[in-house]
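**Q** Sequence:
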Amino acid sequence: MGRRLWQSALLVVMLLLPSLVLAATTPSDVDSNTQALVDEMNLARTNPAGYVAYLEEHKRNFQGALRVWVNGRRFRLVEGLSAVDEAIAFLKKAQPLQPLKGSRALGLSARDHAVDLGTRGKDGHVGGDGSNYLQRVQRYGQPSSVGEAISFGHNTARGAVIQLIVDDGIADRGHRLTIFEPNYRFAGAAIAPHTVYEYVCVIDFADEIQEK
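Using the working numbering, read the sequence shown as starting at 2 and increasing by one per residue.
Don't read these hints as lab results, they were simulated from the structure. Some hints here could point you the wrong way.
[Unchecked claim] Computed beta-carbon distance windows for the label pairs:
no., residue 1, residue 2, range
1, Lys213, Asn72, 30 to 38 Å
2, Gln211, Gly175, 32 to 40 Å
3, Arg77, Gly131, 16 to 24 Å
4, Lys94, Arg121, 36 to 44 Å
5, Gly131, Gly65, 21 to 29 Å
6, Asp86, Gln143, 17 to 25 Å
7, Gln143, Ile171, 38 to 46 Å
8, Lys213, Lys60, 37 to 45 Å
9, Val79, Gln139, 18 to 26 Å
10, Glu57, Pro97, 15 to 23 Å
11, Asn184, Lys213, 21 to 29 Å
12, Leu67, Pro194, 36 to 44 Å
13, Arg77, Thr120, 22 to 30 Å
14, Ser83, Val127, 38 to 46 Å
[Said to hold, decoys possible] Straight-line distance between alpha carbons at most 25 Å, and here's what the computed DSS-like set of lysine-lysine pairs gives:
no., residue 1, residue 2
15, Lys102, Lys60
16, Lys93, Lys60
17, Lys123, Lys213
Idealized CB from N, CA, C, for every residue including glycine.
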């Protein structure tokens, strides 16, 4: 009971706070972006049923079934409201997970990919040099298992995390499953300008990471 009361109190406080705006990536931004994204993901991981309130709030930004306004930007969606409702159903049934911890090594690997994608105007997990996310993480540390999630168009922690949890248009909901992977214990994040989508946010995950 004490844990549930604490989680409810935390949710009330967070509902009163604006979502943290992420800074376009420079080396000094990595730690702040990582903390903002980790904090937001931990709200969902540790209290998934409580996070439903943010998705219900998100639904009020829709204009029709397939268009939504977020922080002054309009997004056209593939599934729209039905995907949000499906995500809400998932959160209501999900079990609470341990919180993630921030990792600078993962933040630096995320920065490399965010800058690369943004400069080239691309999407996907393959870098311009042909690297995958495991190879990028290994530049800065030694993980045992890794994952990656990428959000486009958002420059706030809440906007990016909601997009990844809803995972509109992604049949296997791979980004959502990455956020709610119980074995992941660390995460690092970065945002960069994107020539097509305005912003790209990359989040790298690991179950263990020995930083160099």
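**Q** In ascending order, which of the hints set out earlier in this document are inconsistent with the structure?
**A** Per hint list: 2, 3, 5, 6, 7, 9, 12, 14, 15, 17 violated.
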